[in-house]
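*Asks:* Chain A is already provided as a structure; the job is to place chain B on it using the hints.
Single-letter residue listing:
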Amino acid sequence: MSAAPLIRMRGIHKSFGPVKVLEGVDFELLAGEVHALMGENGAGKSTLMKILTGIYAPDAGTLEVDGQPASIATPADAEKHGIAIIHQELNLIPALSVADNLFLGREIQRFGLLDHRAMTRRAMEWLARVGMERLDPATLVERLSVGQQQMVEIARALGQNARVLIMDEPTAALTEHETNTLFKLIRDLRAQGTGIVYVSHRMEEIFALCDRISVLRDGHFVGTRPVPGLAFDEVVKMMVGRTLDARFPTRTPNIGDVRLKVEHISGGMVRDVSFDLHAGEVLGVAGLLGAGRTELARLLFGLDKPSEGTITLDGKVVTPTSPNDAIQSGFGFVTEDRKAQGLVLDLSLRENVSLPRVPAHAGLVDRASEKKQTRGLIEALKIRARDMELNVRALSGGNQQKVVLAKWLALKPRVLILDEPTRGVDVGGKAEIYHIINQLAEQGVAILMISSELPEVLAMSDRILVMHEGRATALLDGHGATQEAVMTAATGGK
Amino acid sequence: MTLQMTWSRMAPLLQRLGSVIGLVLLFIVLSIMSPDFLTTGNLLTVLRQVSINALIAFGMTFVILAGGIDLSVGAILALTGAVTAGLMAAGHGMVLSAGAGLLLGLVLGMVNGALVSWGKVAPFIATLGTMTLLRGVTLSYTQGSPIPVTNPSFALLGGGYVANLIPLPVIWMFVAFALCAFLLRGTVFGRHVVAIGGNEEAARLSGVRLSPMKLAIYGLSGLLSAFAGIVLTSRLYSAQATAGAGYELDAIAAVVLGGTSLSGGRGWLFGTLVGALLIGFLNNGLNLLSVSSFYQQVVKGIVILIAVLLDRRQ
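Protein chains in written order, with our numbering: chain A, 1 to 494; chain B, 1001 to 1314.
Bear in mind the hints are in silico, worked out from the structure with no lab data behind them.
In the SDA-like style, the derived pairs of lysine to any residue whose C-alpha atoms are separated by at most 20 Å in a straight line are: (1) A:LYS371 to B:ARG1185; (2) A:LYS339 to A:SER46; (3) A:LYS412 to A:ILE436; (4) A:LYS261 to A:ALA474; (5) A:LYS412 to B:ARG1204; (6) A:LYS339 to B:ARG1204; (7) A:LYS371 to A:GLU389; (8) A:LYS305 to B:ARG1204.
Computed from a predicted model, the values in this text were never measured in an experiment.
Chain A with its partners taken away, still in its complex shape (with noise of 0.2 Å):
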């Protein structure tokens, strides 16, 4: 290890207009460490990177590369300093192979012409090195998952020389497997003495990665802890400014008859699952990426076909095909992906709530009630939002889930499906849709949390469905069920 740090920021300030993002912020990358940035949805850490990545310049505040003051003023000059971000979203060109994602932008020419045959052999190098050795660099990249992706997109940086590699939330659309794949990828890294800045909401993953721990916290720097010896509530103390009483918050049971009742049904990659859903229940729906539970809320709300199998709704068969079908059911479904499915971003807090079913008589929208309903919503959720004109793009991530949970609270559905609720949201934000979750199932909703955090489902569910290549391989308590007994199921064990 270098005597100087690769990466020091000091007394970083920047304000968008009136707005002061970041108040003073200190960060210090080691070579050879995983360094893990946290801080609730807002608190800063995405402008810190763009500062670090040359996309926006601080007002205040020095930096500095190797020990030697440096200036990143553009993306290039970040390039140049041989620091690279691997975004949550990730930016290849779906239909261009492996080897021209790898070169594109800096193509091997020979005569003016692409030199195929080179970069062919560059790539296969630059694969290897993330342990893709057996990857064809012909291969389209839409034909690779996402964890493939990411692989290339690491690929691509440690290609261009890359010390400094930047993670916004790698793991978020992983499987198990693949995050493993990542983990044992960064280590390695770490290992060759590449510094890595880890930006992610997930505790247990970063206990388990970090070496140490830097929190800000409404853009000011809160400060770093080495991981050895660290306390998981000591960091969400310093995440939140206060110690959570508790992360998964406690309901009174209220569970009554059979509200839904699903038998053999098959369809796409769902394969015979059955279960029964109870009126105040919260059903849990655990599987790893694939399982095919995303696909089973699909069925339920008419969005694919089943091709055998009875869906029951409180004694009555139903066969949603619409998704205006099944809502007039009375099903209600959280999308996993809130800005590609659950929003119009351009569109005001107001006008996505009531997006469902519009206030009206007679097709005339009725303006005051449809205020007074989102008034209500607002204050009910604890969405915090100045105003409800204001668009939803301009909330943060868990009031955005928030606005999604108010679009269907305010239909009263008997049946409410979740997909990952609260991915993406900080762990104040979890609490309280934890809270929410909690109410509505006491209100006597029947609830069906599809999710991948463990901990979550294991807290919050009365029963846990667990799915394994589009079958319902357990239905465990959710009281007495374990993590293991959870993952036995979900990887096809017994």
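*Replies:* What follows is chain B alone, placed relative to chain A:
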């Protein structure tokens, strides 16, 4: 906090007002440069010229807001005008003939909607196809020669005046504007149009039924094009097979000049009215200033590009 709140609500408004500011500036400049500009006669003439484009552009606003495009409006205008004139020439009454024309426009628009929703054809391609097809149908129907209109009451529709001063087409334009603006702002239909353009998948998952909506949206565009066709036929005392050539582009220009995003989900109807007026007054001013018609096109093109570039700067 308060300052920021005001600003965040004001910024989109200012951006929207760009076209209005442009129109006002143009108005002032033309008033100074040409003594003939600011006369009641001239202003009303421009309004009348603008009315046909505005009627079409109102329908186009809905289509574009919903993330689509309708290239067939000019062709629908020509065919419905010809059919209306043809029915009257065959001895049918004015109400039945015009009613048939409007119905035809509505149905043709809904065919576009069906191609886009059920056929899953990209709107540009679907309406390019119907545009070409309908042009051919119109040429066959008219055999290429104009169909004269002799009914004097029908001629009033496009050629009449209110209080001997205001041309009737101008009245139609403002009535259609009021109705469409209300449809967009005050009804569930309008809300769903914007939602579809903003995020079609989110709208669908919220229970918005896409196919009926698209049939209605393109149907509305066809209906307004047919109405424009009838007014134009009335004003010219005849229906021409080639009427409305290039009108689709004028309508799109008016919508875009008005600040509606071509990718859908953002826009307003008042902007479209302003956009149509901008194009109309620009043409008028360049004529008054005796600018050659060759250069007029150049100026129009530059104005459109500047407007779009300003819109991009956000």
